[in-house]
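Chain order of the listed sequences is U and G.
Just so you know, the working numbering puts the end of the first sequence at 238, numbered straight through with nothing missing.
Just so you know, the working numbering puts the end of the second sequence at 238, numbered straight through with nothing missing.
The reader is advised that the hints may include incorrect statements.
Because identical chains cannot be distinguished in the list, a pair is counted as satisfied if it fits within a single copy or across any two copies.
Derived pair list, reagent style DMTMM-like, types lysine to aspartate or glutamate, alpha-carbon separation capped at 25 Å [stated by the list, open to error]:
| hint | residue 1 | residue 2 |
| --- | --- | --- |
| 1 | Lys-160 | Asp-138 |
| 2 | Lys-160 | Glu-196 |
| 3 | Lys-139 | Glu-178 |
| 4 | Lys-212 | Glu-235 |
| 5 | Lys-160 | Asp-201 |
| 6 | Lys-160 | Glu-223 |
| 7 | Lys-160 | Glu-215 |
| 8 | Lys-212 | Asp-232 |
| 9 | Lys-160 | Asp-225 |
Note that these hints are calculated values from the structure, not bench results.
Protein chains: 2
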Amino acid sequence: MKDIGHSPATCEKINGVLSRIGDKWSLLIMIALNGRGVMRFNELKRHLGISQRMLSLTLRELERDGLITRTAFATVPPTVEYEMTDLGRSFAQAVRKLGEWGIAHLAEIDAARLAYDQREVSQ
Amino acid sequence: MKDIGHSPATCEKINGVLSRIGDKWSLLIMIALNGRGVMRFNELKRHLGISQRMLSLTLRELERDGLITRTAFATVPPTVEYEMTDLGRSFAQAVRKLGEWGIAHLAEIDAARLAYDQREVSQ
Chain U
116 MKDIGHSPAT CEKINGVLSR IGDKWSLLIM IALNGRGVMR FNELKRHLGI
166 SQRMLSLTLR ELERDGLITR TAFATVPPTV EYEMTDLGRS FAQAVRKLGE
216 WGIAHLAEID AARLAYDQRE VSQ
Chain G
116 MKDIGHSPAT CEKINGVLSR IGDKWSLLIM IALNGRGVMR FNELKRHLGI
166 SQRMLSLTLR ELERDGLITR TAFATVPPTV EYEMTDLGRS FAQAVRKLGE
216 WGIAHLAEID AARLAYDQRE VSQ
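Take the sequences, apply the hints, and build the full model.
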């Protein structure tokens, strides 16, 4: 476990990567696309309960990073579909580990929070 | 890959967990502690290039979540050490996967960004 986080160069790289992709909405969009395959803009919006502006911004960053593709169809009204690239799929695998960890340990985190808050109150 | 992100209940759980732990500074602190074992406040501050205020806030949340412990020593000046709990160590394993993915695919992301920016310019 010693090779990550030690050298300044590696630390800087991880910092750069997590700054780009380590935000909640990026992770949630990737998890959603990973489950569904292809999703339309409005479908993602409803599914995640995210604002229009934040969804637009995050999708554009994910497309720019090469993690998803955007396809516009000349329907009336126009529709836009988002789909993961191969790079995105491999990213989603790593994110999925984090999500699974979260689900598996949610109860422990909740218990720790409760204990912490009670200690704070009693001090 | 279908079981995560489909049911609203699961999606809400993941959302809750990632909202708590899916921020850049939490992830970076956990990666740093995972490499070093025990770290002092000022050591973390220097190592990560994080502001005093943001480091305090994030450490308190991580302690509240049961991921790290905080130990204060009555030295002059006082010192405070942070260390991962067993829960924190298991979390760090999942975060590490994300960090490793990032390092392994940094060049691909950079290439995708460059291509995207060039398309935007030429439009």
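Hints versus structure:
1. Lys-160 x Asp-138: both (17 Å within a copy, 21 Å between copies)
2. Lys-160 x Glu-196: within (12 Å within a copy, 42 Å between copies)
3. Lys-139 x Glu-178: For Lys-139 and Glu-178, the Cα distance is within 25 Å both inside one copy (16 Å) and across copies (20 Å).
4. Lys-212 x Glu-235: Neither way: Lys-212 and Glu-235 sit 32 Å apart in one copy and 34 Å across, limit 25 Å.
5. Lys-160 x Asp-201: within (23 Å within a copy, 36 Å between copies)
6. Lys-160 x Glu-223: Neither: 30 Å inside a copy, 28 Å across copies.
7. Lys-160 x Glu-215: within (23 Å within a copy, 30 Å between copies)
8. Lys-212 x Asp-232: Neither. Shortest intra-copy (28 Å) and inter-copy (31 Å) distances fail the 25 Å Cα cut-off.
9. Lys-160 x Asp-225: Intra 28 Å, inter 27 Å, cutoff 25 Å: neither.
When each numbered hint is compared with the structure, violations occur for hints 4, 6, 8, 9.
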